[in-house]
Amino acid sequence: MDAFLVLTIAAIVLGALGVAVFFWTLKTGQYDDLDGAAHRVLIEDEEDRPL
Amino acid sequence: MTATTFSQGLRIDPAPFVRRDAQGASKLDLAVKGMRCAGCIAKIERGVSTMPGVEEARVNLSTAKLSVRWRGARTTAEAIVARMGELGFEAFPYDPAAMLRQDDEDGRFLLRCLAVSGFAASNVMFLSICVWAGLDGEMGEGTRSLFHWISGLIAIPGALYAGRPFFRSAFASLAQMRANMDVPITLGILLALALSVAEAIQGGKYTYFDAAVTLPFLLLIGRYLDHVLRRKARSAAFDLAAMQTVTVTRLGADGRGEVVAAADIAPGDRLQLAAGDRSPVDALIESGRGDVDVSLVTGESLPVPVAEGATLRAGSLLLGQPMTVRATARVQDSLVAEMARLLEAGQQARGRYVRLADQAAALYVPMVHGLALAVFIGGWTLGIGVYAALTNAIALLIITCPCALGLAVPAAQIVATSRLFRAGLLVKSGDALERLADADTAVFDKTGTLTVSRPVLANAAAVARGDLELAASLARASKHPLSRALAEAAGPGVVAAGVTESVGEGLEAVIDGVPLRLGRAAWVAVDDAGDATHLWFKKGMAAPVCFVFEDQVKADAASTVAALRARGLSIEMLSGDRDAPAETVARQTGIVTWRALSDPKQKTERLEALRASGHKALMVGDGLNDAASLALAHVSISPATATQASQAVADMVLQSDALAPIAEAIDVTRAARRIVFQNFAFAAAYNALAVPLAAAGLVTPLIAAVAMSASSLIVMLNALRLSRG
Chain A
1 MDAFLVLTIA
11 AIVLGALGVA
21 VFFWTLKTGQ
31 YDDLDGAAHR
41 VLIEDEEDRP
51 L
Chain B
1 MTATTFSQGL
11 RIDPAPFVRR
21 DAQGASKLDL
31 AVKGMRCAGC
41 IAKIERGVST
51 MPGVEEARVN
61 LSTAKLSVRW
71 RGARTTAEAI
81 VARMGELGFE
91 AFPYDPAAML
101 RQDDEDGRFL
111 LRCLAVSGFA
121 ASNVMFLSIC
131 VWAGLDGEMG
141 EGTRSLFHWI
151 SGLIAIPGAL
161 YAGRPFFRSA
171 FASLAQMRAN
181 MDVPITLGIL
191 LALALSVAEA
201 IQGGKYTYFD
211 AAVTLPFLLL
221 IGRYLDHVLR
231 RKARSAAFDL
241 AAMQTVTVTR
251 LGADGRGEVV
261 AAADIAPGDR
271 LQLAAGDRSP
281 VDALIESGRG
291 DVDVSLVTGE
301 SLPVPVAEGA
311 TLRAGSLLLG
321 QPMTVRATAR
331 VQDSLVAEMA
341 RLLEAGQQAR
351 GRYVRLADQA
361 AALYVPMVHG
371 LALAVFIGGW
381 TLGIGVYAAL
391 TNAIALLIIT
401 CPCALGLAVP
411 AAQIVATSRL
421 FRAGLLVKSG
431 DALERLADAD
441 TAVFDKTGTL
451 TVSRPVLANA
461 AAVARGDLEL
471 AASLARASKH
481 PLSRALAEAA
491 GPGVVAAGVT
501 ESVGEGLEAV
511 IDGVPLRLGR
521 AAWVAVDDAG
531 DATHLWFKKG
541 MAAPVCFVFE
551 DQVKADAAST
561 VAALRARGLS
571 IEMLSGDRDA
581 PAETVARQTG
591 IVTWRALSDP
601 KQKTERLEAL
611 RASGHKALMV
621 GDGLNDAASL
631 ALAHVSISPA
641 TATQASQAVA
651 DMVLQSDALA
661 PIAEAIDVTR
671 AARRIVFQNF
681 AFAAAYNALA
691 VPLAAAGLVT
701 PLIAAVAMSA
711 SSLIVMLNAL
721 RLSRG
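Which chain is which? The protein sequence lines are A and B, in order. By the working numbering, the letter at position 27 of the first sequence is numbered 27, and the numbering carries on one by one without gaps. By the working numbering, the letter at position 434 of the second sequence is numbered 434, and the numbering carries on one by one without gaps.
Check before you lean on any hint, since a few could be wrong.
Claimed, not checked - For lysine to any residue, the following SDA-like pairs were computed, each having C-alpha atoms within a straight-line distance of at most 25 Å:
{"#": "1", "chain 1": "B", "residue 1": "479", "chain 2": "B", "residue 2": "423"}
{"#": "2", "chain 1": "A", "residue 1": "27", "chain 2": "B", "residue 2": "107"}
{"#": "3", "chain 1": "B", "residue 1": "43", "chain 2": "A", "residue 2": "37"}
{"#": "4", "chain 1": "B", "residue 1": "205", "chain 2": "B", "residue 2": "125"}
{"#": "5", "chain 1": "B", "residue 1": "616", "chain 2": "B", "residue 2": "423"}
{"#": "6", "chain 1": "B", "residue 1": "205", "chain 2": "A", "residue 2": "9"}
{"#": "7", "chain 1": "B", "residue 1": "616", "chain 2": "B", "residue 2": "648"}
{"#": "8", "chain 1": "A", "residue 1": "27", "chain 2": "B", "residue 2": "33"}
{"#": "9", "chain 1": "B", "residue 1": "205", "chain 2": "A", "residue 2": "4"}
{"#": "10", "chain 1": "B", "residue 1": "33", "chain 2": "A", "residue 2": "30"}
To be verified - Derived list of chain A stretches under chain B, where covered just means 3 residues or more per stretch with a C-beta under 8 Å from a C-beta of chain B:
{"#": "11", "stretch": "6-17"}
{"#": "12", "stretch": "30-38"}
Said to hold, decoys possible - Here are some chain A residues pointing at chain B (derived, C-beta under 7 Å):
{"#": "13", "residue": "21"}
{"#": "14", "residue": "22"}
{"#": "15", "residue": "26"}
{"#": "16", "residue": "42"}
The hints are simulated quantities; they were obtained by calculation from the structure and are not laboratory data. C-beta atoms are modelled at their ideal positions from N, C-alpha and C, and glycine is treated no differently.
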C-alpha cells in the first residue's frame, strides 16, 4: 500500500511538472511563430562552418 | 503592377511608424511580402542586423512580420525599408494599433485550460478504469474510496480551472436573460462534481469525476481550433487593412511640407498631392486642375476632369498635375454622411440573422432542462427516493451534455474555412458560411469586380508594331496609367533617352533627330473629342497614331457567372458607370439583368427590394460606393483590390483578383451546411437513446464516458469529410 501511495503521488507530481513546463513554454512565446520555428532549424550559424 | 489597390499611388513613409521603447531604443515593425523559407529568414535577419546600431532584427514567419530595434541616428526607418528592398523583399510599415494584438491572450487562455483538462482527464481516467475493472468485487471498498478521493483531488481543481471559458460565457448569457449552449455545459460540469463528492463521502460505487474533466477537454479542443482559424482569417484581413495605412505631405503655415500618417489629418489641413497620389480624405481643391480616376469612389471607369473649388472625394487618384487641397473631413469621416447611414442600417439588418448553433441551442437547452426536471419529479413521485431521483436527473444532464452538438457547427466550419483559405478566400466569421450557403441571388458590381479596373490597350492589332515599340519607349518613362498600360502592352523593352514629361499633357523626346510626342490629342495638335481613353503618338511629320484603351473584363468573370448560374443563383449587375461600358461588360460576362448609373442609394434600394421579396442576395463589390450594399446584403464578398471600407464590411475577402473561388465557396458552404445538419441529426439520435437510459437509472460513469467520447469523435470525423475534394 505504501508503494502504491508513493507511486500515485509521484505520477501526479510528474504530470503536474509537465503541465508547469507547458505553461512556461506558452509564457515565453514559444508558440508565437510555429512556421518560423520549423524553418529556423535549417539555418546554419555563420561561425559553424565545417572544418 | 498590382491592379487598383487603395494603397497604389500612395507613398508610405515609414518614419511616422517608429516607436521608442522604455530603454530609449527605436522600434519599427514591418509587414514583409514574399517570405517563404529558412533562407529568407537568415537573409533578412543577417542583412538588417548588420546595419549600424541595429540591436535586434527578428522575423516572424507565421505572421510575415519583421521587428527591428536599433539605437542612434545612423540607421533610419527609410534605410531599413531600402535595405529590405535591396534584399529583394517588399516591406511596409504598419500601425500596430490597427493590427490584431500579437500576443493573443484569448488563445493562450484556452490553451492553458486545454492543457489542464487534458492532464486531469488522463490521470483521472487511469484511476477510473481501475475502479470500473474492479467493480465486480476484486477491489475492496477502502481502495475504491481512496481512488475516488484521489480522482476528486485532481478533478475538482482541474474542472474548475479548465471550465472557466464555459462558466464565463454561461454567466454572461444568463445576465442577458438568455441561455446559450454553455449553460447546460456549466450545469453538467458543476453537478457532476457535486454528485461525485456526495457519492465519495457515502462510499458509493459511482463517481463522475472523469466526466467532469473529459467534458471540458473535448469541448475545448473544438473551441481552440475554432479560435485559431478565426484568428488566422481575421488577422489576414486586418493585415490588408493595416498595410493600407498611408502617409501624406501636409503643408504647414510657412508652406513647408511635413510627412504625416493619413490618420492624423484634421479638417482644414492643407495637403500636397503629387500626380499618381490618391487622396486619403475628402478635400476641396485649392489649386491645380487635371484628371482624376474616381473608379473606386463611384465606379466610373473613365477619368473625370476637375479644377479649383471642386470636391475631391477620398479614394480619388490624381492622374495629371499635382494639387494643393484642403481636407474637409478626417479619414474615418471621409465617407459622405448618407453612405455612413446606409452602412449602419445595413449592418443592423444583418444583425437579425440567428446562427444555426444558436437556433439549435434555443431548442435544445429548454428541452434538456425540462427532461431532467421531469426525470427528477417523476422518479420522486414514483417512490425511488429523492437521492436516486436526483442522481438520475444529474446523469441525464451529464450524458446529454452537448459535446456532439457543441462540436457539430464549429468542426464543420473550421474545416470549411481552412479549405476556403486554401482556395483563396478569407472568411471573417463562421455565420458567413451559413449565410453564403443560403444565397439564391448574386449581385455584382462592375468596375474592379467583374473588370480589372485599369486600362488595357484595345487596338494593338490596328497599330504598326514599330510605332507601338517606339511609343512604348517613351511611355516607360512615365507613371501615368495610360502610359503604363501602353508599356505593358508592348512588353519589356528600352526606355528612350531624354524623355521629358509635361504633366497632364504628354511626353516628348528626340531620337535620331526625329522629334517624338506621346500624349493627349492637343499635345500632337489633333482635334479629338477629348476622350480620356485615347493616347496619341506622333513621329516627326508622320500622321498621328491613336491608341485606344478600355477597361478589361477579368479572365474568369464569364465562367464564374456561368458557374453560379449552374448552382441555381440568379445573376444581376449593378454599375455606377454609364450605359455603354456596362452593356459591354454585361454582354461579355453573359449577364442579362443589369442596371447602369446606379448611385450607392439605388444599389441599396435594389438589395432592399430583393430582401423584401424573400431573396437572399450575395453581393460582390469593391468600391466605396458598394460598401453600403455589401453591409446590407445577406452575405458579401469583396475582391483583394477593394477599398478598405468595403473589405471591412464584407463577410469574405478574395485573396487575389480571380473570381473563381466564389463558385467553389458556394459548393463548400453548401457541403458544410449539409454536414452540420447530419451532425445535428446524429446528436438528436444519440440523445434520444441516452435520455431513456438515464431516466431509468441505467447510465453508469463508464457508459457516460464511452458515449460522450464516441459521439464527439463521430461528429469530428464527419466534419473532416469536408476537407476532401
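Tested hints:
1. Simply put, residue 479(B) and residue 423(B) have alpha-carbon atoms about 33 Å apart, too far for the 25 Å limit, and the pair is violated.
2. Using a Cα cut-off of 25 Å, the hinted pair residue 27(A) and residue 107(B) holds, with the two alpha carbons roughly 12 Å apart.
3. Pair hint residue 43(B) plus residue 37(A) holds up; C-alpha atoms about 16 Å apart against a cutoff of 25 Å.
4. Pair hint residue 205(B) plus residue 125(B) holds up; C-alpha atoms about 16 Å apart against a cutoff of 25 Å.
5. Of the pairs offered as hints, the one joining residue 616(B) and residue 423(B) holds, with about 24 Å between alpha carbons and a cut-off of 25 Å not exceeded.
6. This hinted pair checks out: residue 205(B) and residue 9(A) have alpha carbons roughly 23 Å apart, not beyond 25 Å.
7. Proximity of residue 616(B) to residue 648(B) is assessed by CA-CA distance (about 21 Å); at most 25 Å being required, the pair is judged to hold.
8. For the hint linking residue 27(A) to residue 33(B), the alpha-carbon distance of about 28 Å lies beyond 25 Å, and the restraint is violated.
9. At most 25 Å may separate the alpha-carbon atoms for a hinted pair to count; residue 205(B) and residue 4(A) meet this at roughly 21 Å.
10. At roughly 23 Å between alpha-carbon atoms, residue 33(B) and residue 30(A) fall within 25 Å of each other, so this suggested pair holds.
11. Restraint check on the stretch 6-17 of chain A versus chain B: 5 residues with Cβ-Cβ distances below 8 Å, three needed, restraint holds.
12. Residues of the stretch 30-38 of chain A lying with their CB closer than 8 Å to a CB of chain B number 6, which satisfies the three-residue condition for coverage.
13. Restraint check, residue 21(A) versus chain B: the minimum CB separation of about 10 Å is more than 7 Å; hint violated.
14. Against a cut-off of 7 Å between C-beta atoms, the interface hint on residue 22(A) holds, since the closest Cβ of chain B lies about 5 Å away.
15. This hint holds: residue 26(A) has a C-beta 6 Å from the nearest C-beta of chain B, less than the 7 Å allowed.
16. The restraint placing residue 42(A) at the interface with chain B holds, with a minimum CB-CB distance near 4 Å, inside the 7 Å limit.
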